[in-house]
Amino acid sequence: MFKRKLQALGFPNPDTLNTADEKQFRSTIVWLEDQKIRRYKIEERESLRNTTAEQWNQVFEQYLKDLDCPFANGSRPEVLDWLLGLAVQFEFNEKPESYTSSPKIQQQTSQKLNPLDNLDFGSEDFKIGINELANLLQVQKHPDHLITLEGICNVIQEKLSQDSLKDALKSKKSGNLVQLDNMSFGWDIKSPNVSSAANVLRYLFIHDLRDLQTKINECLVSVQALTANPKTDTKLGKVGF
Amino acid sequence: MVRSYDDELKFLERLTPYSWRIKKGFVPNMNVEGIFYVNHNLEDLMFEELRNSCAQGLVGGFLPGMKQIANVASLPGIVGRSIGLPDVHSGYGFAIGNVAAFDMDDPNAIVSPGGVGFDINCGVRLLRTNLTEKDVQPFKEQLTQSMFDHIPVGVGSKGVIPITAQDLEEALEMGVDWSLREGYAWAEDKEHCEEFGRMLNADPSKVSVRAKKRGLPQLGTLGAGNHYAEIQVVDEIYDKWAATKMGIEHKGQVCIMIHSGSRGFGHQVASDALLSMDKAMKRDNIVTNDRQLACARISSPEGQDYLKGMAAAANFAWVNRASMTFLCRQAFAKQFNSTPDDLDMHVIYDVSHNIAKVEQHTVGGKLKTLLVHRKGSTRAFPPHHPLIPVDYQLTGQPVLIGGTMGTCSYILTGTEQGMVESFGSTCHGAGRALSRAKSRRNLDYTEVLERLKEQGISIRVASPKLVMEEAPESYKNVTDVVDTCHAAGISKKTVKLRPIAVIKG
Numbered sequence: 001m002f003k004r005k006l007q008a009l010g011f012p013n014p015d016t017l018n019t020a021d022e023k024q025f026r027s028t029i030v031w032l033e034d035q036k037i038r039r040y041k042i043e044e045r046e047s048l049r050n051t052t053a054e055q056w057n058q059v060f061e062q063y064l065k066d067l068d069c070p071f072a073n074g075s076r077p078e079v080l081d082w083l084l085g086l087a088v089q090f091e092f093n094e095k096p097e098s099y100t101s102s103p104k105i106q107q108q109t110s111q112k113l114n115p116l117d118n119l120d121f122g123s124e125d126f127k128i129g130i131n132e133l134a135n136l137l138q139v140q141k142h143p144d145h146l147i148t149l150e151g152i153c154n155v156i157q158e159k160l161s162q163d164s165l166k167d168a169l170k171s172k173k174s175g176n177l178v179q180l181d182n183m184s185f186g187w188d189i190k191s192p193n194v195s196s197a198a199n200v201l202r203y204l205f206i207h208d209l210r211d212l213q214t215k216i217n218e219c220l221v222s223v224q225a226l227t228a229n230p231k232t233d234t235k236l237g238k239v240g241f
Numbered sequence: 001m002v003r004s005y006d007d008e009l010k011f012l013e014r015l016t017p018y019s020w021r022i023k024k025g026f027v028p029n030m031n032v033e034g035i036f037y038v039n040h041n042l043e044d045l046m047f048e049e050l051r052n053s054c055a056q057g058l059v060g061g062f063l064p065g066m067k068q069i070a071n072v073a074s075l076p077g078i079v080g081r082s083i084g085l086p087d088v089h090s091g092y093g094f095a096i097g098n099v100a101a102f103d104m105d106d107p108n109a110i111v112s113p114g115g116v117g118f119d120i121n122c123g124v125r126l127l128r129t130n131l132t133e134k135d136v137q138p139f140k141e142q143l144t145q146s147m148f149d150h151i152p153v154g155v156g157s158k159g160v161i162p163i164t165a166q167d168l169e170e171a172l173e174m175g176v177d178w179s180l181r182e183g184y185a186w187a188e189d190k191e192h193c194e195e196f197g198r199m200l201n202a203d204p205s206k207v208s209v210r211a212k213k214r215g216l217p218q219l220g221t222l223g224a225g226n227h228y229a230e231i232q233v234v235d236e237i238y239d240k241w242a243a244t245k246m247g248i249e250h251k252g253q254v255c256i257m258i259h260s261g262s263r264g265f266g267h268q269v270a271s272d273a274l275l276s277m278d279k280a281m282k283r284d285n286i287v288t289n290d291r292q293l294a295c296a297r298i299s300s301p302e303g304q305d306y307l308k309g310m311a312a313a314a315n316f317a318w319v320n321r322a323s324m325t326f327l328c329r330q331a332f333a334k335q336f337n338s339t340p341d342d343l344d345m346h347v348i349y350d351v352s353h354n355i356a357k358v359e360q361h362t363v364g365g366k367l368k369t370l371l372v373h374r375k376g377s378t379r380a381f382p383p384h385h386p387l388i389p390v391d392y393q394l395t396g397q398p399v400l401i402g403g404t405m406g407t408c409s410y411i412l413t414g415t416e417q418g419m420v421e422s423f424g425s426t427c428h429g430a431g432r433a434l435s436r437a438k439s440r441r442n443l444d445y446t447e448v449l450e451r452l453k454e455q456g457i458s459i460r461v462a463s464p465k466l467v468m469e470e471a472p473e474s475y476k477n478v479t480d481v482v483d484t485c486h487a488a489g490i491s492k493k494t495v496k497l498r499p500i501a502v503i504k505g
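Sequence lines, in order, name chains A and B. Residues 1 to 241 in this note's numbering are what the first sequence lists, from first letter to last. Residues 1 to 505 in this note's numbering are what the second sequence lists, from first letter to last.
Looking at chain A on its own, in the form it has when it is part of the complex (with noise of 0.2 angstroms):
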């Protein structure tokens, strides 16, 4: 039941440890205390070292007593559990950088994965390559470039694409091409700039509700797959005259 904590510790053999044992509790106390915990300096642990001896009990409750264990008429479990507790929590703070460190050793394994995660987002080059990104594209620049290569994205998604390019193909002959300005969006503005601008929105809108349909009748569908079982009974049929 200490595996972990006697892992995390380093202690020799966790696996085999069994704390029933007397002799293995007590020299497990005596590992926790000379390499861990280190309440005593080394010439005041004698009593605790000496684990035949016969007052090893007494001195072991005042070593509890000293620690300011609260288990110290507790059972030896749960004596041995604080006490591990203990020395993991020593063990921590000792080099706590360590430990908050270790994501990182993970981040740069997927560094190596996705090199797109090793760039400066903030660095000059990466602006101009932005910069030259959007005007290739024609895509409209925003003071924060990271919002320019936002819709630099979009573009390419929805344009560039495998899907959109085969999608693109096939609707080409079915596509209708919609004069915005002629058509009613629901206001009058005057300046036909601030018009326009605002009829793509609109337009855009609606293709984003559309978007959200379509998957609204997808989850639809899918749950049909397991609820549908249209029947009919030609037998009940009754013309009424």
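Among the hints, a few may not be true.
Quick list of in silico lysine-lysine cross-link-like pairs, DSSO-like style, CA-CA up to 27 angstroms [what the hints assert, rightly or not]:
1) K159/A - K245/B
2) K245/B - K235/A
3) K235/A - K212/B
4) K334/B - K238/A
5) K238/A - K453/B
6) K215/A - K245/B
7) K235/A - K140/B
8) K235/A - K334/B
9) K158/B - K231/A
10) K238/A - K158/B
11) K245/B - K238/A
12) K308/B - K245/B
13) K235/A - K158/B
14) K231/A - K212/B
Just so you know, these hints were derived from the structure itself, not from any lab.
Based on the hints, put chain B in the right spot on chain A.
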């Protein structure tokens, strides 16, 4: 109070070439004015109706449409105007073709089953196909027969979709979502239904056992009266761009129109509500000009129960139309040895023309939450309204106008002006000109059938002896009605369809 025809005319004033104002005082206690839309031909019909009733005095007969519009204007909590559309004709309490909106924030405002009609959520659904008239012509008779075999029609007809009492409860609560779950509808169908095919406030527990018993076997049946399923072809396209948005590409394209409602179920919900409201009116001292205008305060238990039951009936109607859509798709797929998918049998739209809905409108410059009653009137929301499907955001909501047997039908679109003038509403169909009894007396059914045959229209009908009730002669001219709405600006003509095959009760 009996006034002479000339005295009555003093309360009427022409507003525009296509509309008349009904001034306060035309009937007692009017809270707001009335308005009705007509062109020259329809105007004559309306005024003749008024003249006849003046001549008769108080005895017998229907109240003329104008009087009914005015009586509705005297109901508590009404705002704006009581609106009569060009197809207006006498109905139970409210005229058919009447729109009236009541302020949800006014504690006295009412809801009235008569303002919705007995066939709750009666409506029209249009499917498109990628077939042309040429493709269909050689198989027209077989196709008509096949439709007739698939969709049970007539009074007392029973549906072919097996359904248990528990299924019905769920369908009443879920509307088109039930049809979707069970696999009778496509996901795209829901998208093109008003309210997405489901009224969320439906509560089947507010519906009587009797209504459920009547409704259970009738699911997926067309019914009788003016209900029908027609195979139609595109005859004229007025707005090419809007038509394209609906998937209508060219003249001669084949569509299928289904006109039906909530059958006996809705009828029972309405009848039950009328009884309970009679009592509520006495308790709350609500006084109306006409006994048929039974109503209850929106916030009262009776009002709330009716709205919940009405919503359940509306859901029933959607499931009903969805089921018939399923059957139509089967019939076409079999005939053309194809799949409904490959035939592109999508729902263009599904409208409700007998319903009350909570909506937001601007009244006198203020945004208000209203309970809009549309009886024989179709919602016609303008472009960019948040409640219309994304595909129609730029064109405005499609409005489906079913003609009478053998005449044409129309697709209109909603306009901004309609939103301002008529609570985003327009006409619903031709509108009756002769009463059913009068039609039966004046017309001969063999002649009516013969005439359809001459026009090249295949017909399968369960009760031929009743077809004269639905003959074009019994109705106002649908083209007059639609042209008036177009000219008045409350909706816009987009496509005209003509039938090549009809099945009906």
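Okay, the hints, checked on the actual structure:
Distance check on the hinted pair: K159/A and K245/B sit about 23 angstroms apart at the alpha-carbon level, within 27 angstroms; holds. Among the hinted pairs, K245/B with K235/A is inconsistent with the structure: their alpha-carbon atoms are about 40 angstroms apart, more than 27 angstroms. With a CA separation close to 21 angstroms, the supplied pair K235/A and K212/B stays within the 27 angstroms bound. Restraint check: the Cα-Cα separation between K334/B and K238/A comes to about 21 angstroms, which is no more than 27 angstroms; the hinted pair holds.
A distance of roughly 26 angstroms separates the Cα atoms of K238/A and K453/B; the hinted pair therefore holds under the 27 angstroms criterion. Taken as a hint, the K215/A and K245/B pair is honoured in the structure, with Cα atoms around 20 angstroms apart against an allowance of 27 angstroms. At most 27 angstroms may separate the alpha-carbon atoms for a hinted pair to count; K235/A and K140/B meet this at roughly 25 angstroms. Using a Cα cut-off of 27 angstroms, the hinted pair K235/A and K334/B holds, with the two alpha carbons roughly 19 angstroms apart.
Annotation: proposed proximity of K158/B to K231/A holds, straight-line Cα distance about 15 angstroms (limit 27 angstroms). Taking the CA atoms of K238/A and K158/B, the gap is about 5 angstroms. The hint holds against a cut of 27 angstroms. This hinted pair does not check out: K245/B and K238/A have alpha carbons roughly 38 angstroms apart, beyond 27 angstroms. For the hint linking K308/B to K245/B, the alpha-carbon distance of about 34 angstroms lies beyond 27 angstroms, and the restraint is violated.
At most 27 angstroms may separate the alpha-carbon atoms for a hinted pair to count; K235/A and K158/B meet this at roughly 10 angstroms. In summary, the hint linking K231/A to K212/B is supported, as the alpha carbons are separated by about 21 angstroms, within the 27 angstroms threshold.
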